[in-house]
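Undergrad: Here is what each chain is made of, one letter per residue.
There are 2 protein chains.
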Amino acid sequence: MGFSEEQVIEVLASVFSSHDPRLILGIGDDAALVQGSHQQILTTDIAVAGVHFRTDWSSAYEIGRRIAAANIADVLSMNGRCDYLLVATTLTGNESIDWIRDLAQGIQDQASDAGAVIVGGDLARSQTLSIAITAIGNTAAPIRRSGAAVGDSIYLSSLTGWSAAGLEILSKGLSTSGAAAARALNEYRAPTLNMKIDFSAATSMSDVSDAVLIQGAQMAKASHVKFEIQCEAIESVPEFAELAALATEIGGNVHDWILQGGEDHALLATGVNLPGLLIGTVVEGSGITVMRNGQEIKMAPVSWSHF
Amino acid sequence: MGFSEEQVIEVLASVFSSHDPRLILGIGDDAALVQGSHQQILTTDIAVAGVHFRTDWSSAYEIGRRIAAANIADVLSMNGRCDYLLVATTLTGNESIDWIRDLAQGIQDQASDAGAVIVGGDLARSQTLSIAITAIGNTAAPIRRSGAAVGDSIYLSSLTGWSAAGLEILSKGLSTSGAAAARALNEYRAPTLNMKIDFSAATSMSDVSDAVLIQGAQMAKASHVKFEIQCEAIESVPEFAELAALATEIGGNVHDWILQGGEDHALLATGVNLPGLLIGTVVEGSGITVMRNGQEIKMAPVSWSHF
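Chains A and B supply the protein sequences, listed in that same order. The first sequence: position 287 = 289 (this note's numbering), numbered continuously. The second sequence: position 180 = 182 (this note's numbering), numbered continuously.
Be aware that a few hints might be false.
Since the list can't tell identical chains apart, any single copy or any two copies may satisfy a pair.
[As the list claims (entries may be wrong)] Taking lysine to aspartate or glutamate pairs in the EDC-like style, the calculated list, with each CA pair at most 20 Å apart, reads:
no., residue 1, residue 2
1, K223, E8
2, K223, E12
3, K300, E244
4, K174, D111
5, K223, E286
6, K223, D200
For the record, the hints were derived by calculation from the structure and aren't laboratory data.
All chains, full assembly: derive it from the sequences and hints.
TA: Encoded structure:
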């Protein structure tokens, strides 16, 4: 082994140390003690090496940021603020102590950006590297998937597709240059959460961890309405041209990236006069369709299953 | 694969379904929504097949109970009550849907016994089966490891050593009969948490997940005192004779089981006139010693490290 358990715990305790006033008792006792809040958001995600991330595609720091982002996004998508994270990690023993420190720093920096404190964790040995994060947040006014109403518009907090573009570059082993490719790679490796968008007036909301068409279909089903996505609206988003040019350059499909790609962790919301990018309309019916010139476009069905 | 992801989620949602009034919004949205409390206890544990449990030694139901018990015990040891659990599982794909259902039922039953609700989870594929549980509890008066005072007595909520005895039976591949062996196997496979003991007046407390000598040493260090464990006191515990007879029968060391065995999840507490089993005294000094007739007994050093 390149390290002892004590060394790892010392590194984690040092990276995760906090004097946040919400934290009454941090790492070192049987459990952490924190200030609670009236209405809480709870969510957990587990990421496995080779499935959710690849250590040859992403640095430890990027992996840390990415996994924490996925968790925090679930809290944001309930119209919440993230308070606390707990991190349970399995290590193979082949990691270096520096790699572990960088992973912790990535989680810590993403948590800090969201105003969250890492209050505890666990460590175990396994043949497979994995990181399970639990996020605890609070909200005064939760927004569910089920509130979309006919006549609402559909919005994204930012243009999706960048992460899928980055994945395509990595999967094809392309060596790319240019700002668009760099952004795509970065969004795949360490997604940016839009912490500033104000979707508090949304009627329904979800984070786009799978794909706009999957998450939108779930929201439409929960709300007993139909989502119509308008291609023209997406194509009028300022940065669409940049992503489309990258798709042309590397032989990708920009509409697939935007609508069927995953892991952008943008927020998908419905409502009236919301900020963000307008991409469609809520109508009567069921399901989700993509429209151009008032006609439905067929997209290849998309799904993601672990088994 | 023996199952689809949808099947597993359906099974888990069915086993974990709850109408508990604290649960505002359960499984199905981006995150769960629950009633919070003023002062909260947060803890997470990850258990890995082959490290923390063996599927050939324990049934899926027992594994579920065992892992949930380990987590809940950390909440109890802070003088807390457990409210919510989140369960993140990695499956290899070789499990049967019945095995997964039994695992979930074990977690669910242990949670129910503690008054806790399972509010969320995640599922991923991995080469290694693992289960990460996060527990969220509340307490009006937390008890830390650091409050032991000279003159306090030392108590156990129940006699430790049964789990270590069960582990020894399984490790040696013994075929045993009799009530003591059956209890030992059961305590290893699905530990019983003593939910009724009232340690709310304790000055310090921890759960014995590693060993009395390890956890006691940590409490002594945090409290700047010395723990003296008295053999005579332990040997006068009514069920000591039964455990000692089992040790004789299978060639084990009963004192090692009680003081150096792990995973009993009994509570170790200090204070004055507490209920439970009196096993020693807090004195001036540092460290932890085992005494007989006023003389220190040397025990083999014990430690548990994953790496």
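Undergrad: Work down the list of hints and note, for each, if the structure agrees.
TA: The hints, checked one at a time:
1. For the homomeric pair K223 and E8, the shortest alpha-carbon distance between copies (16 Å) is at most 20 Å, but the shortest distance inside one copy (49 Å) is not.
2. When the C-alpha separation of K223 and E12 is checked against a cutoff of 20 Å, the pair qualifies only between copies, where the shortest distance is 17 Å, while the shortest distance within a copy is 47 Å.
3. Taking the shortest alpha-carbon separations for K300 and E244, neither the intra-copy value of 24 Å nor the inter-copy value of 72 Å comes in at or below 20 Å.
4. In the homo-oligomer, the alpha carbons of K174 and D111 never lie at most 20 Å apart, since the shortest distance is 30 Å inside one protomer and 48 Å across protomers.
5. In this assembly of identical chains, the alpha carbons of K223 and E286 lie at most 20 Å apart only when taken from the same copy (11 Å versus 66 Å across copies).
6. Neither within a single protomer nor between protomers do K223 and D200 lie at most 20 Å apart by alpha-carbon distance, with minima of 24 Å and 49 Å respectively.
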